[in-house]
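Letter by letter, the chains look like this.
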Amino acid sequence: MSDRIQALRGAARRIRLHALNMGEVQGQGYIAQALGVADILAVVYSDQLRYRPEDPEWPERDRFLLSIGHYAIALYAALAEAGVLDVEELQTYGSDGSRLPMSGMASYTPGMEISGGSLGHGLGVATGMAMGLRHQGNPARVFNLLSDGELDEGSTWEAALAATHHGLDNLTAIVDVNALQADGPTAGVLRTEPVADKWRAFGWHALRVDGNDVDALVAGFDELREHRGSPSVLVCDTQVGRGVPFLEAREKAHFMRVEEHEWQLAREQLEEVGA
Amino acid sequence: MTTTGRRLTTSAMIASFVDEGQKTTSAPFGHALSRLAEQRPEVVGLSADLAKYTDMHVFREAHPDRFFQMGMAEQAMLGAAAGMAEVGLVPFASTYSVFATRRAYDFLCLDIAEPGLNVNVVGGLPGLTTGYGPSHQATEDLAILRGMPGLTIVDPCDSVDIEQAVPALADAPGPSYLRLLRGSVATVLDEYDYRFELGKAAELRTGRDVLMISTGLMTMRALTAAAELEADHVDVAVLHVPTIKPLDRDAILRETAGDRLVVTLENHTVVGGLAESVASCLAFAGAGVRIVPIGLPDEFLAAGALPTLHDRYGLSVPEIKKRVLAELS
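Protein sequence lines, in the order shown, are assigned to chains H and L.
Residue 143 in the numbering used here is what sits at position 140 of the first sequence, and the numbering runs on without skipping anything.
Residue 307 in the numbering used here is what sits at position 299 of the second sequence, and the numbering runs on without skipping anything.
Okay, chain L solo, but in the shape it has when bound (with noise of 0.2 Å):
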């Protein structure tokens, strides 16, 4: 992956983790919050001094008036959401995952989740896609927000389910969390016959030998791993999970009742999210289905350039090719 003659740097916190010559587009979830607050005049955006890093700063210039900018203070933030939304507005509120999740815990459970208020939280660098290190990693925001009841988690893959989930999730009558790609995102869904439909998995490529079942952005990479593992004679499907909670269940048992190699591919840790996700619908529907997680280690990561984390960690493609050919060895 290391470029020769390239010294790879943490460089910027929020640092692109697009493949080189990916097709991308700019700020995706700014550009679709502003066109949906032109069709809905009760959408509002809030934010905790990181409007411009997570790309509500787009809203923001486009309807200064439904904008509001609460500092670095997320507790308020959520807190106000959630009166916004009591008195009949659609709130989305952004900032970073970990202090979503992490430090505004109480505020998104008690004042959002319980009266199940239509409040939408976004929450940027999710997983691993800082090289800032734990304070910014938000390696395990899915397994906090999994147990929330009533909260519909997103993970999306790409600028195509980003634009399209914005809509869906304020149409929803409660409570969702956007794992947020921000900056230059990735365009890859376009080139497939896909819609993001909330609470539905999608099969994106269908094969014999192999099941990827991938959420964010690690489905284009699994897409990119299929393509190439052709040449290695391996068939792979990729049966993408944008939604993590509520799981689309049937989906996963109807395309785990075969008996192909099961690959969970996440940028999270393999604890508590689409891994054990994916694990427990199968145990509790009394599938015996073993399952290969590929995801991120229970471990507090390192800080570093995100290459090389990304394949020091295994999110990247030759690191996913590598451990789908030694478990069919």
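Extracted from the complex, chain H is given alone in its bound form (with noise of 0.2 Å):
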């Protein structure tokens, strides 16, 4: 294993650790979520995001947008992992008065670009950002994390259109297939597969890799990153609950509840585990 990916994994562990540490101050959350994207996260901001953690506003900075809003708790994790985020702060999660809302919100958070609780407007904000970031010459990347069930919402795919029409090589987005959202499995919930051919025939640079391998979203990501023409797209299936099993395998994994005396376990499991 490349010291590049040794450390990869060593900021997801954190990441899923932190992420771990807030859920228990509130006891229930989007926790499966966040250990499921915790790596991708991590490749993101400690390899592909350029960005300064003690400027925040830095106008050269590339551009993360979290429009599933509830998986904030993973953005705050992979923000203090980042350096832009104390760790020490975590410990406010959703707490009055707290910089760290449960659902991300742009005027709350320094690190959090847009406010994305309501779903289908990462893409379109992040069109216009690309468009408007290349007009002004800024070399700055714009990046997009979207979930599966966000490919429900129709603005999703008015902006995909958008950015193949207008050429956005500077905009790439990143799809969550976790496989669930609200009301159950996506596939029972509303059919979104095949992910990727839709993405290419709207016009986008598509590849897909297991969201939970490093490696494979390290060079997904290089190999995006030398893409001209076209937006381009990484679809990354991830595993919700990874790196604590007991969470995998539960069943009421989308909004999910853990016992008092779980988290403790859950922590032991992330160590064992080596995730």
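Derived by calculation from the structure, the hints in this document are not laboratory data.
Heads up, the beta-carbon is just placed ideally off N, CA and C, and yes, glycines get one too.
One or more hints might be untrue.
[What the hints assert, rightly or not] Heads up, incomplete: computed chain L residues facing chain H, CB under 10 Å, no partners named:
hint, residue
1, Val-52
2, Leu-54
3, Phe-76
4, Ala-81
5, Gly-87
6, Ala-88
7, Val-95
8, Gly-96
9, Leu-97
10, Ala-112
11, Asp-119
12, Gly-124
13, Asp-267
[To be verified] Stretch by stretch, here's where chain L covers chain H in the computed footprint (C-beta under 8 Å, at least three residues):
hint, region
14, 109-118
15, 121-127
16, 136-143
17, 158-172
With the hints as a guide, bring both chains together as one complex.
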């Protein structure tokens, strides 16, 4: 294993640990998704994104837009790993007066680019940012993390059309396919497969990887970075609860309740698995 | 109103509502935006497949590198406008009012208004300015948008208002919604000592008997009705309220303090627009003033020729005069 990959795995493990610690503050939440996207966020923040942790508003920064605002717990964990937030601040998660509300809001949190609780907004704003940055001659890139459930929203596909029409190769979408949404498995709620083919049909350069395989993620992002002439999407298959086997197996995983005594158990499993 | 021998029809969707013989200016919004863009390189324009029909084509021709076509996708257009504002541009995004409000409300709200971005949404065919029917008649756009925190709402009377509102909205830091009068637009306010000032009402005419509080194109009707009511020995004041939100409460409370008959006039349903803005302003201040609301009824309107519809729904000058005289008798 290369040093690059080993370092990224370490980052992903710390992101998971941060998410569990925040989850314990509330006793429940989108913990399973946070564990699922930890590897993606580790690769994005520790390997792909250009930013200055001490200056989150740096105009040349690459933008990372979390349109799935309810995944905020995962992004806070990543921002702590990235040095934008102090790890101690994570203990305020979801508390009165905290800068870390349960659903992500741009005006609250350094490094949070948009308020994204209503789904289907991220890619439209990302498209405008990518158009605007290119118009200004700013080399920054724009990333948007969507969920597979978000593909239900028609506005996502409006934005996908526009991004292709305008040839936005400074725009990268990341789709977290955990195959689960609020009312149950995606396949039963509203079938979205074949996901990558849909993006390709919309004119995007699409790759599909195992979103919990750091090696594959790095190779995928590296390939997308070289692509020119159209926007790119990395479709990432992830496992909800990844890294904590008893959470992976839990049936009600969308908005997960974790019992008081289970948090320590979860942290121990995380260590054992070494995910 | 009907010209003898000519059958009035719905005609084109974008039929002009100016009265015969009125002085007009062509595409004031498009020209004002183009002029502004010469001064301010960060001004950009977006359209959702309606550039030609919202006078945005004038800007597109003048500044092709700063015009962004988003296709018939209003949600994506408002989201993209937000993204552009996030990186420091000042977007004007135009479409029809019905699509900006009914269809893309969540995007105007969450992407633009909540972060307080300087995005200026320009809505064509506001109120009853097309005979095309309810799909295109934005009779409730003010009601929809008044509840949105931080949004400035402007309903201009004529080309003078539009030309002055465009730079003012670009200068104001937050989001705005401009009700667009497009094509051949009446030019009325040049005859008055008037300057558009964001958030301010303007007394265009003084009068002892009646106070007309009007907004949008109804101000030009109010002015005509007021002039014609002189023949009936009725002295009418006209207070023009181009900014619906924030409302100039001081001016409204000051002007309604006497015992004049108060009439509101708006090109919008009487539910949730100017009439109710004025009513709540008075009630919250404890001012027990009765107001007569002239506006569109709380119903989906008919399709048809605009002059016919303005007569039928009480927005024409003769109907305004009738209503005022009936209230005074």
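These are the hints, each one checked on the structure:
no.: 1; hint: Val-52; verdict: holds (7 Å)
no.: 2; hint: Leu-54; verdict: holds (8 Å)
no.: 3; hint: Phe-76; verdict: holds (6 Å)
no.: 4; hint: Ala-81; verdict: holds (4 Å)
no.: 5; hint: Gly-87; verdict: holds (2 Å)
no.: 6; hint: Ala-88; verdict: holds (3 Å)
no.: 7; hint: Val-95; verdict: holds (4 Å)
no.: 8; hint: Gly-96; verdict: holds (7 Å)
no.: 9; hint: Leu-97; verdict: holds (5 Å)
no.: 10; hint: Ala-112; verdict: holds (9 Å)
no.: 11; hint: Asp-119; verdict: holds (6 Å)
no.: 12; hint: Gly-124; verdict: holds (8 Å)
no.: 13; hint: Asp-267; verdict: violated (47 Å)
no.: 14; hint: 109-118; verdict: holds (count 5)
no.: 15; hint: 121-127; verdict: holds (count 5)
no.: 16; hint: 136-143; verdict: holds (count 4)
no.: 17; hint: 158-172; verdict: holds (count 7)
Going through the hint list in order, the structure does not satisfy hint 13, though it satisfies all others.
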